[in-house]
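**Student:** Construct the entire structure; sequences and hints are all you get.
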Amino acid sequence: MLSVQQALVASFVMGAIIAGLRAAPFLFFGGRTTPAFLGFVERYLPPVAMTALVVASYASVRWLDGPHGLPELAAGTAVALLHLWKRNALLSIVGGTALYMALASLA
Amino acid sequence: MYPQGFNLGNTTPGVNGIPGKFDRRGVLRRFQSATAIRERIMPIQQGKGMAPSLAGMNPKRLAPGWCGPPGMRPLASPTAHEGMRVRPLSPESRPCYDERMSSHSPSDRIAGRAFKATIPVLLGYVTIGFAFGLLAVESGYPAWLAVLMSVVVFAGAAQFIAIGLFVAGAGLPEIAAVTFMVNARHAAYGLSLIGRFRAAGKFRPYLIFGLTDETFALLSSEPALARHDSAFMLLVTLFDQLWWVSGTLSGAVAGELLPVKPAGLDFALTALFIVLAIEQALRVREFLPFVVAAAATILAAFAFGPRGALVAGMASSLVIVALAKRPGKPGKGKAPC
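Line order of the protein sequences matches chains S and E. Numbering follows this note's numbering, in which position 52 of the first sequence is assigned residue number 149; successive positions increment by one, without gaps. Numbering follows this note's numbering, in which position 189 of the second sequence is assigned residue number 191; successive positions increment by one, without gaps.
In case anyone wonders, no lab produced these hints; they're calculated from the structure. There's no promise every hint is true.
[Claimed, not checked] Derived lysine to any residue pairs resembling SDA-like cross-links, with alpha carbons at most 20 Å apart:
| # | chain 1 | residue 1 | chain 2 | residue 2 |
| --- | --- | --- | --- | --- |
| 1 | E | Lys118 | S | Gly192 |
| 2 | E | Lys204 | E | Arg229 |
| 3 | E | Lys204 | S | Leu124 |
| 4 | E | Lys327 | S | Ala133 |
| 5 | S | Lys183 | E | Arg285 |
| 6 | E | Lys204 | S | Gly117 |
| 7 | S | Lys183 | E | Ile121 |
| 8 | E | Lys327 | S | Ala120 |
| 9 | E | Lys118 | S | Leu187 |
| 10 | E | Lys327 | E | Leu193 |
| 11 | E | Lys327 | E | Arg287 |
| 12 | S | Lys183 | E | Leu284 |
| 13 | E | Lys204 | S | Ala120 |
**Tutor:** If you want it as structure tokens, here you go:
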């Protein structure tokens, strides 16, 4: 186990790496990116990133035991249907999360 | 090609598929009253030159004063476009602005807009931040270190993984390498915000520092405001970090007082991602990026486990989508604003 001092140093190193990653496009592409490339990124990065984030948050579900991920799947479906129906994000999120908490406590 | 702003003229089929006509001054004449207009943002997305469809929206959803992110935006019926002024946008105008905000959003409302935009992130960040604070304290680290990590690192997954590495006694090179891999996707996020951040001036370093998954998601789905856009972006980023830090603080304090763990509240973050993915689907109206990203991330989850799934899935699906939609191809890909 790292000491508090070592963990403190490691935290600052992590912070610097992450800030560097977030700043990379501004440092390297600031003035010279081709509009075509930017247009592609603007259009396709958000959908790809959001889909990957959804799938990745389901990747840590324990599919093989317990309720086999049914609460997660049901609540996720509820979020999607609620959102397609009302298109009110807060309603979709709060509703889906409440359903998940109820299902998870039953399971 | 995507529309360059709105196409004006008597033959205009309508705004976003809603039938209507513009007069010579660019006022949509189809509808009579103009009550709800100032409450809604004109759906021109910054840098995209296109608007998400407003068709099929429900007028009941239109709460006065409601100004959330697109996901949360009360969706207007066609009546919400009554009297909407539409000005032609030149292809050179970048970023595209929300025209109405220029006259209807005094700066004091910017804070309210930013606050409401971040409410879903509040739910997710406070919960997950709480779990992080709890984990850090239960792993034997002081509460202040957990809070400090949320201030200087400000990256959810990396912080959780870091606690595991700290406990395992990992060396600095290993911690650095894992941090780099887990957060490499952040290097791509800024690409779509270069133009919009350019106007942010002295706030820009902080906006870049605070570009988490969720802040990126909110900012990239929120249209740019004609005025106070940098203040809005700053407040969204600040609020998001405030939620994260306060979640961490309360979790760390709770961990020192009594060990309670809320069961299932963290699903809010998954729900947020689902909502934002649906919003992207309604904006892009193409199957390919979603199918590719879902399939690639599922495969990546089998190949690399949950930790590697995000990075590998995102990277591989971006490459596949890029190959399928070469930006140079006519009629495909880019949408200059």
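**Student:** The structure should be examined with respect to each hint, and the outcome stated for every one.
**Tutor:** Against the structure, the hints come out as follows:
1. Proposed proximity of lysine 118(E) and glycine 192(S) is supported: the alpha carbons are some 17 Å apart, at most 20 Å.
2. Annotation: proposed proximity of lysine 204(E) to arginine 229(E) holds, straight-line Cα distance about 16 Å (limit 20 Å).
3. Between the alpha carbons of lysine 204(E) and leucine 124(S) the distance comes to roughly 16 Å, so the proposed pair stays at or under 20 Å and holds.
4. Of the supplied pair hints, the one linking lysine 327(E) and alanine 133(S) holds, its CA atoms being roughly 11 Å apart against a limit of 20 Å.
5. For the proposed pair lysine 183(S) and arginine 285(E), the alpha carbon gap of about 16 Å is at most 20 Å, so the pair holds.
6. For the suggested pair lysine 204(E) and glycine 117(S), the alpha carbons sit about 18 Å apart, so the restraint of at most 20 Å is met.
7. Distance restraint check for lysine 183(S) and isoleucine 121(E): the Cα-Cα separation of roughly 17 Å lies within the 20 Å cut-off, and the hinted pair is therefore satisfied.
8. At most 20 Å may separate the alpha-carbon atoms for a hinted pair to count; lysine 327(E) and alanine 120(S) exceed this at roughly 26 Å.
9. Restraint check for lysine 118(E) and leucine 187(S): the C-alpha separation of about 10 Å stays at or below 20 Å, so the hint holds.
10. Of the pairs offered as hints, the one joining lysine 327(E) and leucine 193(E) holds, with about 18 Å between alpha carbons and a cut-off of 20 Å not exceeded.
11. Proximity of lysine 327(E) to arginine 287(E) is assessed by CA-CA distance (about 14 Å); at most 20 Å being required, the pair is judged to hold.
12. For a cut-off of 20 Å, the pair hint linking lysine 183(S) to leucine 284(E) stands: about 14 Å separates their Cα positions.
13. Between the alpha carbons of lysine 204(E) and alanine 120(S) the distance comes to roughly 15 Å, so the proposed pair stays at or under 20 Å and holds.
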